[in-house]
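**Q** Taken in order, these protein sequences are the chains called A and B. Sequential numbering from 1 applies to the first sequence in full-length UniProt numbering. Sequential numbering from 1 applies to the second sequence in full-length UniProt numbering.
Rather than coming from a laboratory, the hints here were simulated on the basis of the structure. Cβ atoms here follow ideal geometry from the backbone N, Cα and C, with glycine treated the same way. Take the hints with a grain of salt, since some may be wrong.
Stated by the list, open to error - 25 angstroms max Cα-Cα, derived SDA-like pairs, lysine to any residue: (1) A:Lys39 with B:Thr34; (2) B:Lys8 with A:Ile72; (3) A:Lys11 with B:Lys39; (4) A:Lys11 with B:Met69; (5) B:Lys111 with A:Arg61; (6) A:Lys43 with B:Asn105; (7) B:Lys39 with A:Asn105; (8) A:Lys101 with B:Lys111; (9) B:Lys8 with A:Gly10; (10) A:Lys8 with B:Arg24; (11) B:Lys39 with A:Arg61; (12) A:Lys11 with A:Phe58; (13) A:Lys43 with B:Gly114.
To be verified - Some chain B residues flagged as far from chain A (calculated, every beta-carbon gap over 12 angstroms): (14) Arg3; (15) Thr96; (16) Val106.
Number of protein chains: 2
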Amino acid sequence: MERIPILKMGKLLLVTIQVDMHDRLAMTLQDDLTTRIVKDRAKGVLIDISALDLVDSFIGRMINNIAAMAKILDADTVLVGMQPAVAITLVELGLTLEGVKTALNVDRGMKMLGLGGMS
Amino acid sequence: MERIPILKMGKLLLVTIQVDMHDRLAMTLQDDLTTRIVKDRAKGVLIDISALDLVDSFIGRMINNIAAMAKILDADTVLVGMQPAVAITLVELGLTLEGVKTALNVDRGMKMLGLGGMS
């Protein structure tokens with residue numbers, strides 16, 4: 001698979017990361033996402049990582065980068081669906097994902113962004 | 001990757017298919033999705049296939065099955081994000097996905113399900 005789909009939900013973009021990230025895929029995602037934020041006038045980005053059993057420093061850095069880019073483009077980023085084991089690993093690795101907001105799931109992430117929690 | 005994540009958005013479940021489906025993964029998805037429809041009392045299921053360049057008869061049958069199972073559990077299924085080339089292939093293969101509703105994207109799919117289009 002060569003690119004990760006970006007789904008538009010109102011003023012929000014949703015990215016679900018399911019596959020192992022590598023350099024090129026991460027670059028493509030950053031390009032696509034920044035383009036879509038501008039094109040769709042998005043106010044928020046939700047990154048769902050519920051399918052990931054492991055978040056290493058590469059993915060951590062990519063998420064930080066995406067959040068920083070989105071911020072400059074006036075969109076907030078919320079990381080959702082983190083598995084308990086991933087949270088443990090992140091802290092143990094010293095990757096605290098500063099500057100990235102987190103929420104338990106997509107519903108809560110939407111509410112956090114103030115863009116229509118639906119339940 | 002062993003399972004496809006199912007995201008809850010209000011009364012709706014969203015499944016993004018990004019990886020090549022095989023028998024076991026399809027079975028797991030059917031199990032997970034039916035369980036989640038009951039557990040989350042979902043009224044609708046959105047299946048996003050925007051990442052798929054190809055939908056063969058196996059995936060077509062899986063989508064039909066999921067829609068039929070969801071229907072019995074009182075949830076509607078809408079297939080969203082189909083690429084133009086996929087539509088062409090489906091018709092050429094004679095796979096018309098009868099019984100499955102389609103929408104251009106997630107936003108329109110949500111509106112079709114009457115569960116909060118957000119734009």
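**Q** Would you mind marking each hint as holding or not holding in the structure?
**A** Verification of the hints:
1. Of the pairs offered as hints, the one joining lysine 39 of chain A and threonine 34 of chain B is violated, with about 36 angstroms between alpha carbons and a cut-off of 25 angstroms exceeded.
2. Straight-line distance between C-alpha atoms of lysine 8 of chain B and isoleucine 72 of chain A comes to about 29 angstroms, which puts the hinted pair past the 25 angstroms bound.
3. Between lysine 11 of chain A and lysine 39 of chain B the CA atoms are separated by roughly 28 angstroms; this puts the pair beyond 25 angstroms, and the hint is violated.
4. Straight-line distance between C-alpha atoms of lysine 11 of chain A and methionine 69 of chain B comes to about 32 angstroms, which puts the hinted pair past the 25 angstroms bound.
5. Restraint check: the Cα-Cα separation between lysine 111 of chain B and arginine 61 of chain A comes to about 36 angstroms, which exceeds 25 angstroms; the hinted pair is violated.
6. Between lysine 43 of chain A and asparagine 105 of chain B, the direct Cα distance comes to roughly 18 angstroms. Compliance with the 25 angstroms bound is thereby established for this hinted pair.
7. Between lysine 39 of chain B and asparagine 105 of chain A the CA atoms are separated by roughly 15 angstroms; this keeps the pair inside 25 angstroms, and the hint holds.
8. About 28 angstroms separates the Cα atoms of lysine 101 of chain A and lysine 111 of chain B, which puts this hinted pair outside 25 angstroms; it is violated.
9. For a cut-off of 25 angstroms, the pair hint linking lysine 8 of chain B to glycine 10 of chain A stands: about 16 angstroms separates their Cα positions.
10. The straight-line distance between the Cα atoms of lysine 8 of chain A and arginine 24 of chain B is roughly 30 angstroms, outside the 25 angstroms bound, and the hint therefore fails.
11. As the CA atoms of lysine 39 of chain B and arginine 61 of chain A are separated by approximately 35 angstroms, the hinted pair breaks the 25 angstroms bound.
12. For the hint pairing lysine 11 of chain A with phenylalanine 58 of chain A, the CA-to-CA distance comes to about 28 angstroms; that exceeds 25 angstroms, so the pair is violated.
13. A hinted pair counts as satisfied when its Cα atoms are at most 25 angstroms apart, and lysine 43 of chain A with glycine 114 of chain B qualifies at roughly 23 angstroms.
14. Consistency note on arginine 3 of chain B: stated as away from chain A, yet its beta-carbon is not over 12 angstroms from all of that chain's, at 7 angstroms minimum.
15. Against the 12 angstroms criterion, threonine 96 of chain B stays outside the reach of chain A, whose nearest CB is about 24 angstroms from its own CB.
16. Listed as outside the interface, valine 106 of chain B is inconsistent with that label: its C-beta sits roughly 5 angstroms from the nearest C-beta of chain A, within the 12 angstroms cut-off.
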